[in-house]
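Line by line, the protein sequences are chains A and B. Quick note on numbering: the first sequence equals residues 1 to 202 in the working numbering. Quick note on numbering: the second sequence equals residues 1 to 938 in the working numbering.
Think of the hints as simulated: they come from the structure by calculation, not from any bench. Mixed in with the good hints there might be a few duds.
[To be verified] Simulated crosslink set (DSS-like; lysine-lysine; CA at most 27 Å straight-line):
1) A:117 - B:65
2) A:155 - B:831
3) B:708 - B:421
4) B:429 - B:135
5) A:25 - B:708
6) A:25 - B:588
7) B:708 - B:309
Computed from a predicted structure; not experimentally measured.
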Amino acid sequence: MDLSIQDLKAQTNFYNFFSTFFREKPSDEWLKFALELVTSWDETSSPLNQQLLENVQKSGLDNYLNSLTQEYERLFFAPGHVPVNLYESVYCGSGLLMQETTINVRQHYLRAGLVVKSLYSIPDDHVSTELEFMQFLSQRILELVQQDGVEEDIKEIMVWRSEFISEHLQQWIPTLAETMRANSTEPFFLLISIGLESLVEE
Amino acid sequence: MMNRRSFLKWTGAGAAAATLGTAGLFQLRPVNADELESLKNQGIDIKYTADVMCPSECGLEMWVKDGRLTKIYGNKAVPFNDGTCCAKGASGIQLVYSPDRIKYPMIREGERGEGKFRKATWDEAIDYIGKKLTKIKKEHGAESVIMDAGDVTDRDQYWRLFFAFGTPNVFEHGSICDTPRRHGPKLMLGGKRIEPDLMRPVLVRQPDGSLKKDMTYKNKLIIYVGWNPFVATRINYESRGTLAAKVDNGCKIVVVDPSLTNTASQADLWLPIRPGTDGELFAGMLRYILENDNPNSLDRRYIDWGFKKYSEGWDEYLDAFKSWWTKTDPMTNLPYFSVEWTAVRTGISKEQIIELSHMFGSTKPAALVCGMQSPGHHYNGYVASILMTTLNVITGNFDVPGGAIDTEITKSDKGGSATGKDFKKKKVKRTVNGTEVEGEIEKLHMDSYGDWPVAWDDVIGDFPKLFKEGVSLKYGNFKGYKYPIKAYIQRTGNAVLTGSAPYRWIEAITAKDSSGEYKLPLMVTVDTLYLESAVYSDVILPEASYAERMSLSDIYPSHPVLYLRDQVIKPLHESKTPTDIMNLLAKKLYDLGDKDIQPNDFWGKYKSQEDFVNEMLKPAPGRYNVGQPLPYPKLPEGYKLIGTPDSLESGQVTIDNEKKEAKGVPVTVEWLRKNKGVAVWPMSWYRYRKSDATNGEYVANKVFPNTKSKLVEFKFSMYADLDKKIQEGLGVSSGMKELGWEHLPSTFYWFETNWNPNTNPKYKKYANEYPFQLIVGRVHQAMSGTQMIPWLAQTPCEGIYMPLNNAFEHEILDANPAKKEGFELKVKKFKANTWCVGTLLMHSQDAAKLGLKTGDMIEIENPLKRSVKSKVFVSEGIRPGVVKMGFGTGGRFSPGLGGTYKQKDYTPSHNMLVDPDSLSPLMGMPTYADMIVKIKKL
């Protein structure tokens, strides 16, 4: 099986990174590292990186990080209508939460022997949960490829992973990323959106 | 642009990402085999519950699959709605699963009103509130905290907590609903809501002893005054029963209303009365009936004099009423209450007044019913509601089959000790003018012992003043005591927009002291939706939606019926049930050292919602074994009934002759669940009388109605008791001063309404400059916050909520067959005139004079120089000289309102035009329908 352990590790890490980002408002410490990471995704001289650098210089790092957390709250957690919804069913289903899409996502989790901890309360198709699922699958493959005689197991999980990507992530993550770009001018979030979208590209 | 290949330079960037991820599972967990099996094979679970999309609270059947609410139907076992479910009820799924719900606790970041919040944990939010409340209680006393439970529904947990905390200042929406309308029934019957006997089916005892569901309509005449049950639904059975009585029994329907409402459109007769003159109409009808009653004429036997056996004080009432007949009205130069006077005042012709009076006097059974939009919203609404009650009683229509029923005293009792009212009896000490005084907590009440000694339904319209000036007690033990208001906890409701003029509320809530701190240091909202009041809050707590919590229906049936609001699904997101919120905050206050909060009154006692609801059920039904046919012939007549219908039926009861109670097996959640969620006890009529076999006649049973004397009271004992309190206090209230009263009257009285140049000499000078009377009506589907559901926001209503929008863009569900579920959420461009917005309804003759046509922009200004903008809807469906808006349809400035929010700059908020200083003088209710305006084209 042509699977690079390094690639698998990197995939696991990226799914983990984005899942963590969307789970809770990031700490300043986390954001500092994330700034370095996201700027490495593009050429140093790219307009987004330049803009980000300018913003940091203009406000000072501490103030800039503070503005990022405020923007995070505004984009994802505002009361009432949030500019960027983080649930798949809002984009792919009837526009409401907990719809058929959500239940289908649940079936994918169950097939892999998982279930959301806050079952029936937190909809299963939150971006963070979906990415955590991807991280779990990638991690599992990573563990298996280092063992002998488990090719069938690996194959099965590869199928689960690719079906989840095509049936779910690819159905809505590009729109989510586009929605982020449409609702924020902050280069950090734009870079995050680009990275996220690239992660699920075919 | 990057692509996957360039982005995923796995080895380098991936390693960096590793430092920013957190290992392990956070939102997922392994599932065990049994659980897996059950999760994969879930069938449909049917739950019986009660709606809260609107105050009708219909009995519903909800289908759940995979832990998800999938269908909503009416519950056929509930006679209140008899299996029906309207479009609003059925749209509940769109509210429950709306992505725009409040999902997490939030704490304010910016200034009040900026709408900037941060997501917080429950611990943080409860800690924030608990510490502030503890500090406020220590510095100013618990009474400085107001708990406003908003909607009456599911309020008891909050009331209990704050009563225990030590404040008597605990409220609900009722005080800004229609308190003057309830006044007459309360004074005279101990009730509140007179409705026609239209609930069908009713469970009735048959001559053979069996119980049968009766679908027969007995009504012959219903007069709805300012009441529009087809739209402003609170009493579900009136929506279908009105037409059923008309079709099945030839019942005549008369609607008296300045506008041609949906109900009026189905009536036999529509009388477009001048606003604020319902009292005049009733006074004219009463005088006509009294002067033309002839017991010996089949045609003119208007009065059923038997009422005198079941009432007291009629002679005194009659004298007071007649004393006006010889006085001349300075506005009309006619004697009060004469037909001629009534015609001039109401704008209804003399002939029609005579016809209506004769029709009401001679048609039996009949019901005269006032709605919220008549006496409820006028300064002098008391007068109309007292006359309405009088007319129903003296014509022999009170509590007869097909007649008028006061549903407040026929519905099942509930709540019991769970409401925490006993905490108000606890004694506290306060220092008044240097002297320590002791008294019950309830005597610190800001209204009853402050500026509003008569306001038994409390006064929310006066909050802004009290936020700024504080409370000054004038009556009871603590008279002379002053305290500030330091916290406003609002649960559901939306007082900033609905509790009188929003600008007055905003000014009070955002006022700061010299050090830059808010004068009101704590404002909290507990809600499912993000409405205007929440925008001004310091903390927002997400409450479980009605499908996610457990409680009891709060309804107005014609006999005891009670159903469960069962928890259908788990609370979504991070929302919590009222019971959990009560316990969390109670525990926090206890941990912070509050000795008034004890574990065994809260989390030690109510370990679940079911524990709480079971206690609420203990007094049910709490009504009496009275009337014909007797509900339980095998149980003693006149005894209070407590227990499940089947235990009372089977005689599985304990009879307490001292307390006069027949106690069966208490109703419980478990019992309700086994009976499709509903308990129905038998109906009876003539509940005020019993048979006296010795003399072969009926006599008063002295059990019903619910007055002090247990008779219909034409002499107001409630006023007598209140007047005693007032006379022992520090002077009469400001409302009484406005009326020039030294005492509360003992019986019938009359005074004029405000801002009416046709009836009140004080406002005559405004007549030419402000030629329009402004009234307001409910839009069922756009009430409070439900227009955030796009489908409801696109449903027009009666000229006041019409598709007259400007072009705009909005994210909406749109059909797309290519998508998996046939829909997609997308930003859609709405063309002009395709989305409903709040509008102003105007008669075509008036519009022609102003050169207006439907869709034109206008400015509406009142004599207080407040103005709003609106589009006009021109129609013949309103009385000329009158214009009408909807409640809460326009000027909505919370982004939680969906597409409605985007129309805020050109749609009218009616409350911007009410006079915030015009509170009805006894109950303190904002006078929403007393205003005059001028209109100009923009």
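Right, here's what the structure says about each hint:
no.: 1; hint: A:117 - B:65; verdict: 18 Å, holds
no.: 2; hint: A:155 - B:831; verdict: 52 Å, violated
no.: 3; hint: B:708 - B:421; verdict: 20 Å, holds
no.: 4; hint: B:429 - B:135; verdict: 18 Å, holds
no.: 5; hint: A:25 - B:708; verdict: 60 Å, violated
no.: 6; hint: A:25 - B:588; verdict: 26 Å, holds
no.: 7; hint: B:708 - B:309; verdict: 16 Å, holds
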